[in-house]
Each structure stands twice: as structure tokens, then as C-alpha cells.
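A.B. asks: Since the structure of chain A is already known, use the hints to place chain B on it.
If you're matching them up, the sequences are chains A and B in order. 7 is the number of the first residue of the first sequence in our numbering; add one for each residue after it. 162 is the number of the first residue of the second sequence in our numbering; add one for each residue after it.
It is possible that part of the hints are untrue.
[Unchecked claim] If the Cβ cut is set under 7 Å, some of the chain B residues that face chain A in the computed set are:
hint	residue
1	LEU228
2	PHE255
3	LEU276
4	PHE300
5	PHE404
It is worth saying that the hints were derived from the structure and are not from the lab. By construction, the Cβ of each residue, glycine as well, lies at the ideal position given by its N, Cα and C atoms.
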Amino acid sequence: MKSPQNVIRILLPLVVLAAGIAIWEFVVRVNDIQPYVLPGPVAVFTTLIGDWPVLSQSLAVTLVTTLEGFIAAAIGGVVLALLFNQSKWLEYSLFPYAVILQVTPVIAIAPLLLIYLQQETAVIVCAWIVAFFPVLSNTTLGLNSVDRNLEGLFQLYGATRLQTLRFLKLPAALPFILGGLRIAGGLSLIGAVVAEIAAGTAGAGSGLAFRIAESGYRLNIPRMFAALLLLSVAGIVIYALLALISHLVLRRWHESALGKES
Amino acid sequence: MAEQASPEIDLRAAGLAVSLRGVTKVYDNGVSALGPLDLDVKRGEFISLLGPSGCGKSTALRLIAGLSAPTSGAVSVSHLAEEVRGHHAIGFVFQEPTLMPWANVRENIRLPLKLAHAPAAEADARIDAALAQVGLADFAGAYPRELSGGMKMRVSLARALVTDPDILLMDEPFAALDEITRFRLNNDLLTLWRDLHKTVIFVTHSVFESVYLSQRVIVMTSRPGRIDAQFHITAPAPRGEEFRTSAEYAAFCREVSKALAPSYAGQAGA
Chain A
7 MKSPQNVIRI LLPLVVLAAG IAIWEFVVRV NDIQPYVLPG PVAVFTTLIG DWPVLSQSLA
67 VTLVTTLEGF IAAAIGGVVL ALLFNQSKWL EYSLFPYAVI LQVTPVIAIA PLLLIYLQQE
127 TAVIVCAWIV AFFPVLSNTT LGLNSVDRNL EGLFQLYGAT RLQTLRFLKL PAALPFILGG
187 LRIAGGLSLI GAVVAEIAAG TAGAGSGLAF RIAESGYRLN IPRMFAALLL LSVAGIVIYA
247 LLALISHLVL RRWHESALGK ES
Chain B
162 MAEQASPEID LRAAGLAVSL RGVTKVYDNG VSALGPLDLD VKRGEFISLL GPSGCGKSTA
222 LRLIAGLSAP TSGAVSVSHL AEEVRGHHAI GFVFQEPTLM PWANVRENIR LPLKLAHAPA
282 AEADARIDAA LAQVGLADFA GAYPRELSGG MKMRVSLARA LVTDPDILLM DEPFAALDEI
342 TRFRLNNDLL TLWRDLHKTV IFVTHSVFES VYLSQRVIVM TSRPGRIDAQ FHITAPAPRG
402 EEFRTSAEYA AFCREVSKAL APSYAGQAGA
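The shape of chain A in the complex, shown without the other chains (with noise of 0.2 Å):
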């Protein structure tokens, strides 16, 4: 398992990131730059740690809103793209609005569902409409992929819809079901940051984008650069995650979670 090929792997971007860090240290402390103008990492690190119950605090926060937005987004998009497979007509009727939804900048809607909803929950809907559409069409997808053999074979014993749907289409969906979820994932912290910073100071929200517009506003760069990083890590870790999820789910019968040689 551990090739020279898969340490050099982990090994390059790890020795790049190091570089990156120092060349940016060094940078600011031969130029003497202004921590307002741009901090050093160290500045960064210290900040990180100095604001830590403040940033731990908000980073909860919308930790728990793009949870809350990621599973509405996988609930709907799931249940959308199952009523879409046995409905056509319903199919027809809503799939275009569901685009119109996806194609609209969400950062041009959320403004609008601020007016009209509380910010718990406005957030919660920026989330879910950027991350929904994913789910609904990779599950569509997988819904359709299904083999017409084994759809005979149902047929050949006489089996229900729910059964066929149970037995069949929703284990044959799966590898795609999770692949659009990977993608709801990131896509759900990032609505519901969009949320946090369209809320803007206006709201009373604290998560962690409303942090960093707030310390936008008061100057305090190397607090931006903190909530930012914490902010990235979570999109990091939430990718993970799920991949993590979805290798172990298939790994004993599907090929994405197959080694070459097996």
C-alpha cells in the first residue's frame, strides 16, 4: 500500500504548503507590512488561537447551519428525484423550476429570503437551494441507469413498484446518490455562508462569514485570515467525510471504490 508513488503523494503538496507559509513570513517581515494590510501567518496562528472562543463559537454555528441546509438538501433532493421517477407528469411540471433555482445566483436570492424569513431559517434555504440540485439530478441519473435486465427479472416475478424502487433502483442509484452528496456538502457550507454575508452586520448572526465581514469592517485582518482558514478546513473536512462514507459504503461491490488490482 504505501508506494514511493503515495508518499510523494502526500509528501508534494505538504512540502508546497510549507514553502508557501514561509516565503509569506518572510515577505511580510522583510517589507515590514502592516498586520491591517496583510498579516503573517504567525499573526494569523496567534490570532487563531487568541480568538478562539470567539471563533469557535461561530464556526459551531455554521457548522450546524450547513448540517441543517445539507440535510435538507439531501432529503429533498432525494425525495424530489424519487417522486420525479415515479411521477413523469410531475417530472415535467416542476424540473424546469428546479434549474431556474440552480441557475439563479444564490447570492442575488438571498437578500430577498432575508425580507421575507427569519435569518435561522433564510440561511437554512440558501443552503439547501444551492445544494439540492445536485442530489436531485445525480439521483435522477442513478434512478435511470438501472439495468434492463434486472428490471425484466422484477417484472418476471412480479414485483411491486415499492419493491422494484426498495430492491432495485434505490441500491442501483447509490453510488450516484453519494456522489451528488460529496457535492452537497461543500455546496451547503458554501450557501450558507453566502447567507451569513448577505445577512451582513444587519443580522444577528455570528457565524463565521458574518465574522469575517464584521472584522472586514473594524480592520482586523488577521482575524479575517483566521475564520477563513477555519472556514476552509471545514469544507475540507466535510469532503472528507463524505468520501470517507462513500468508500466505506461501496467498497465491496462498486468499481469507484475498487483498487486497480483486486
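C.D. replies: Just chain B now, kept in the frame of chain A:
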């Protein structure tokens, strides 16, 4: 489906498993795929439908299975066995193994029983029996991707057998396998047929396979598929490697090939 109550009684009296009367199939795009076709298959008989690709032999099989409805004519299938949960009159083996990749061998074979809500304990016993019949008892926990092409086909066969069907429909099941594996599966299929007394309708484009396996070979013409000639392969069971290398077998193959040749000539000229 196209099964009717009254002809079924006639079927039983006549000892028939399947009867097709004036059956035609025209697809939505206007292509006339089959017929008119008249065919009687006796209970316990092993017949092969032989013909070039696109001669409608698979269509005929799907009509008998009830997977598609005839454009005209009557398809009757006899249901002999008493009503048992999970019993199904027809077993179908497709050209591809058609297994669920997310389920292991045991769960794949369980499928027809699960769909019929058969009691679990009884289902387990029947799955074990089916696994033993196809010689896969040691592979119950394996996933399809871990099996060779021949083993996947055996799983597919076991799944068809687990409902204890009266009629086994096989649509070029061994076409994609290498010769040695195909010969072994041919022999195993003949043994199963002899032991289990099923009616087998076997679709193939191989003259050699059809003659080796069947009591009766039906040669079909293409577009639309019709019966061109019939051959009774009188060689007695059990057939084995001696039969495969005998002069008698070669003579049957020559005869059937001769009957099949015009179908291919017609196809090339079209």
C-alpha cells in the same frame, strides 16, 4: 399477461408446457420481429430455438415469459405445481448474468423468494439447495465482481432454479463464455434437466450447442422470425463427451447447419 384460462386446461390434458398459436410481434417502430409462430413444447422437453441474430428467438422467449405481449395470437403457459409461496412457473436466464452487484451470491439467489415474501427459513433451505445444484456452495458470500464469467452464469441459473419453476427459459446464456466453460455448463445443465424434470427452452445461435443439448432443434428464419425446420435429436440421455465426438453428433450438426444456411444467406443478401 397473455395466459388464458381455457387453453390451460387443454395444455394439461395434452401434456404441454407451452403453446404458441399464430403469435406475432410487431414493434412500435413497425419492425415485424416474429411470426406468425406456432409452437408446442411438451412437458419435460428440452428444445432449442436456433437462428441468426435478430431472428426473433429472444422475442419469442420474452413473450413466453410474459415480459412482453404478443401483437396477435395466443401464448399459453401451463402452471402445474401447486401454489407455494415463492414458487414461480417460469425461470429466466438472460444472456448476461444480470446479477445485482451490490448483493452477494446468496442474496442474489434469494431475490425471487424475497419478492414473493417466502418464509425466511424455507427460503434459506431452498437457496442452499440451489447453490448445491450449480456447485457454488462455497461461494455463497462472494460478490458478483469476485466471480468468473462461468460462475456468474451459475449464480444466474441458481436464481432461476430457486423458485422451482416448471419451465426454464434460457436466452443464449453461455454465448459469452469460453469453450471449456461452456462445455462444462452444458453438461451440468443436461444433468440438472435430467434430475429436475424441467421443461427447457434454450435460445442459441450455435448449431453445436443446440444439437448437443436438445431433444428438438427449431431452426428459425429471420425478419420476421418463423419456424423453418425442426430436427428431433434422437440420441438418448445421458449425453456426454462421447456424444460430442461421435459420428452421430457430427451428422446431426451437418443436417442442422444445412437447414440454417439459407437464413444466413438471406441475411447477407438483405
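A.B. asks: Hints first: check each against the structure and report whether it holds.
C.D. replies: Evaluation of the provided hints:
1. The beta carbon of B/LEU228 comes within 5 Å of a beta carbon in chain A, closer than 7 Å, and the hint placing it at the interface holds.
2. Among the interface hints, the one on B/PHE255 holds; its C-beta lies about 5 Å from the nearest C-beta in chain A, closer than the 7 Å criterion.
3. Hint on B/LEU276 holds. Least Cβ distance to chain A is approximately 5 Å, under the 7 Å limit.
4. A distance limit of 7 Å between C-beta atoms decides the matter here; for B/PHE300 the minimum to chain A is near 15 Å, and the interface restraint is violated.
5. The interface hint given for B/PHE404 is violated, since its Cβ lies 32 Å from the closest Cβ of chain A, which is over the 7 Å cut-off.
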